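Undergrad: Listed below, chain by chain, are the residues.
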Amino acid sequence: MIRLVYYELIKTFLKKRTYIGFLLVAVIVPLVEVAMKLEGGRFLQHSLRSLQQDFFFVGNLFNGWFVAHNMMNSLWVHIPLLISFVAGDQLAGEATAGTYRLILVRPVSRTRIFLSKFYTTVIYTIIFVGFLAVLSIGLSLLLLGRGDLIVLGRGILVLPESDVAWRFLVGYILAAWAMLTIASLSFFFSSFVENAIGPIISTMGVNMVFLLVTVIPLELFQDIKPYLFTNYMNVWLKIFEDPVPWDSVWTSSAVLGAYSLAFVFAAWLIFRRKDILT
Amino acid sequence: MTGETILQTKNLGKQYKSRWAVHHLDLEVHRGDVFGFLGPNGAGKSTTIRMLLSLIRPTEGEVFLFGKSLEREREKALMSIGGIVEKPDFYNYLTAHRNLEIVGALNGGISRKRIAEVLDLVGLASRASDKVKTYSHGMKQRLGIAQALLADPEFVILDEPTSGLDPQGMKEIRDLIRHLASDQNKTVMLSSHLLNEVELVANRMAVINRGELVTQGEVSALIEGGEKIVTVKGGPAEKVRSVLSTLGTVGKVVEKGDAFEVTMSFEDVPELARALVREGVDVQALVPRRSLEEYFLSITESGVPEGKESKQ
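So the protein sequences, as listed, match chains A and B. Read in order, the letters of the first sequence are residues 1 to 278 in the numbering used here. Read in order, the letters of the second sequence are residues 279 to 590 in the numbering used here.
Accuracy of the hints is not assured; some may be wrong.
[Said to hold, decoys possible] Residues of chain B clear of chain A, computed beta-carbon distances all greater than 12 angstroms:
id, residue
1, Arg297
2, Lys354
3, Lys391
4, Glu395
5, Thr527
6, Val547
[To be verified] Lysine to aspartate or glutamate pairs mimicking EDC-like chemistry, simulated, CA-CA at most 16 angstroms apart:
id, chain 1, residue 1, chain 2, residue 2
7, A, Lys274, B, Glu349
8, B, Lys511, B, Glu533
9, B, Lys418, B, Glu340
10, B, Lys295, A, Asp275
11, B, Lys346, B, Asp398
12, B, Lys409, B, Asp367
[Claimed, not checked] The following residues of chain A were derived to be distant from chain B, with all beta-carbon distances above 10 angstroms:
id, residue
13, Ser162
14, Phe265
15, Leu277
None of these hints come from the bench; they were simulated from the model. In this text, all values refer to a predicted model and were calculated from it rather than measured experimentally. Cβ atoms here follow ideal geometry from the backbone N, Cα and C, with glycine treated the same way.
Assemble the whole structure, with the sequences as input and the hints as a guide.
TA: Structural data, given as C-alpha cells:
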C-alpha cells in the first residue's frame with residue numbers, strides 16, 4: 001500500500017493543478033496582509049468605535065494574531081474551492097485522461113487503488129491547510145507584530161497573548177479535519193463522473209447552499225441545519241472562545257468525521273463496480 | 279496442436295440499456311495461439327476486451343483466465359496478463375519511464391532493468407526520459423505495448439494495435455507480435471477490423487459482428503475451407519446460363535444484375551473459362567472469391583457502428 005500511495009503522491013504532486021491552490025494562497029495571503037498593514041488599524045477601530053468611549057484598551061490590538069485569525073475566514077469558501085481542484089480530480093482525472101485503462105487492469109484490487117487515492121487526498125489536504133497556517137500566521141506576525149488577540153464574535157473577547165498560540169495550532173488541526181469533509185465530498189463526486197469540472201462545481205454548490213442555510217436565521221432552516229455538515233464546520237472558531245466549549249468541539253468533530261466516512265464509503269461503493277468506458 | 283485453454287468466455291454478454299453490445303459470446307484461446315479477434319467497428323470487440331480485463335462488468339456470463347474466474351479470483355486471474363484497450367493513454371505530464379514505474383508498482387514492483395528492457399524492445403529506449411505528451415501516436419502505441427509486456431505476462435491482449443499507424447509502423451507491430459509468439463512463447467490475442475491483418479499473424483481467430491460470434495477456429499481452415507464463389511461476368515446471358523447448367527463442377531448459381539455468382543472449387547475455374555469461350559460467351563471477368571472474405575467485406579461495408587462502440 002505504501003508503494004501505491006507513493007506513486008499516487010508522485011502523480012498528484014507532479015501535476016500542475018496541484019499547485020494552483022498553493023500559488024493562489026502564496027499570492028493572496030501576502031496581498032491581504034500587506035494591505036492590512038498599509039490600512040493600519042482603521043478596520044479594527046471602526047468595529048470598536050462605540051466601545052472606545054466606554055473602555056480603555058491597553059496595547060496594540062491590531063496585530064499579527066488578529067489578522068491571522070481573520071484570515072481563517074478563507075476556510076469557509078476559498079480554501080474548499082482550492083481543495084476541490086485536487087480532490088475532485090483524483091478519480092475523474094484518470095477517467096478524463098483514459099488512464100483508468102492503464103491502472104485498473106492490473107492484479108491489484110480496485111479497493112486498494114481507491115484507498116491509495118483517498119490517502120493521497122488526505123495528505124494533500126493536510127499539507128495545503130498547513131501551508132495556509134504557516135504562511136498566514138508567520139507573515140502576519142512578521143508584518144504586524146504580536147500582542148493580545150481580540151476576537152470579534154457575538155461579543156468582544158480579548159485573549160492574552162500567552163493563551164493564543166495553542167489555539168491557533170488546535171484551530172488549524174480542526175480546520176484540516178473540516179476540510180477533509182470537503183475533500184471527501186469532492187472525492188465522492190469525483191467517483192462517478194468522467195471530468196473534474198463536475199466535482200469542483202458540485203462541491204462548491206453544495207458547500208455554498210449548505211452554508212447559506214446554516215447562516216440565514218430563518219425558522220424553516222432551523223430544522224434542516226443539524227443535518228448539514230456546514231453546521232459543524234465552525235468547529236475551528238470554537239477554539240477561540242473562552243472557555244473553549246469542548247463538548248461542542250468533540251461533537252462537531254465527530255459529526256464531520258462521520259460525514260467524511262459516509263462520503264468516502266459512498267464513493268467506494270460506486271467506484272468498485274464502475275464500468276470504465278473512457 | 280492445441281495447448282491448455284488460457285482464456286475462456288462462457289455466454290458472455292453486456293447490455294447497455296436495451297441494446298446488447300456483446301451477446302452469447304463463447305471464446306477460447308489456447309496456449310501458444312496468436313488469436314485474431316476480428317470484427318467491423320462497433321461489433322463489440324472493445325467491449326469484450328474491457329470485460330476480459332475487468333474494466334466493465336458483464337451483464338451475463340463469465341470470463342475464465344488460466345482457469346480462474348475473473349469474477350471470483352480477479353487478482354489471480356489478472357496476474358499473468360498484459361493488455362492495451364483501445365488507444366493507448368498515459369500520464370502525459372510524466373516521462374515514459376515514470377509511467378512504466380507506476381504501472382510496475384501495480385504489478386508488485388518492476389525493476390528498472392526490466393523497464394529499460396521493454397523500452398528497448400519497442401524501440402523507445404532513447405526517449406525514455408521524455409514526457410509522453412511529446413510522443414507521436416505511433417510512439418504511444420509502442421509504449422502501450424511496452425506497458426502490456428512490462429510484467430512479462432504469459433498472455434497479451436492487444437486491442438487494434440496497428441490502428442492509426444502507417445504501413446511501416448503496422449509492419450513493425452506485426453513483426454513484434456510474431457517475435458512475442460515464436461521467440462518469447464507468449465499467447466497473444468489481437469483485435470482488428472482487417473481480415474488481412476489477422477491472416478498475416480494469427481493462427482486462430484474468431485469473427486464477431488453486432489456483438490455475436492459468427493465463427494471461430496483455425497485461420498487457415500476458416501479462410502481456405504468453406505464455400506468459394508466465382509463471379510462470372512459476360513454475355514449473352516442465355517449462353518452463360520446454359521454453360522453453367524451443363525457443367526458438372528458448378529454448384530449453386532445466383533444471378534446478381536449482369537453477374538453470376540457461382541459456388542465452385544477454384545481448381546475448376548480454368549475448365550469453366552474454356553467452356554464459356556467454346557460456347558461463344560464474351561467473358562468480361564471471372565473473379566474467384568473466398569466466402570469468408572466475401573462475408574467479411576459485406577459486414578465491414580454495411581456494418582454500421584452504433585452508439586457506445588464507435589471509436590473516437
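Undergrad: Run every hint past the structure and note whether it holds.
TA: Hint by hint, here is what the structure shows:
1. Arg297: holds, 14 angstroms
2. Lys354: violated, 7 angstroms
3. Lys391: holds, 18 angstroms
4. Glu395: At roughly 19 angstroms from the nearest Cβ of chain A, Glu395/B sits farther out than 12 angstroms, so the non-interface label holds.
5. Thr527: holds, 52 angstroms
6. Val547: With a cut-off of 12 angstroms, Val547/B remains clear of chain A, as the shortest Cβ separation is near 48 angstroms.
7. Lys274/A / Glu349/B: holds, 14 angstroms
8. Lys511/B / Glu533/B: holds, 10 angstroms
9. Lys418/B / Glu340/B: violated, 32 angstroms
10. Lys295/B / Asp275/A: holds, 14 angstroms
11. Lys346/B / Asp398/B: Violated, because 32 angstroms separates the two Cα atoms, which is more than 16 angstroms.
12. Lys409/B / Asp367/B: Distance of about 13 angstroms is within 16 angstroms: holds.
13. Ser162: Answer for Ser162/A: holds, closest chain B Cβ roughly 48 angstroms.
14. Phe265: holds, 20 angstroms
15. Leu277: Its Cβ does come within 10 angstroms of chain B, the nearest being 7 angstroms, so this is violated.
Comparing the model with each earlier hint shows violations of hints 2, 9, 11 and 15; every other hint is respected.
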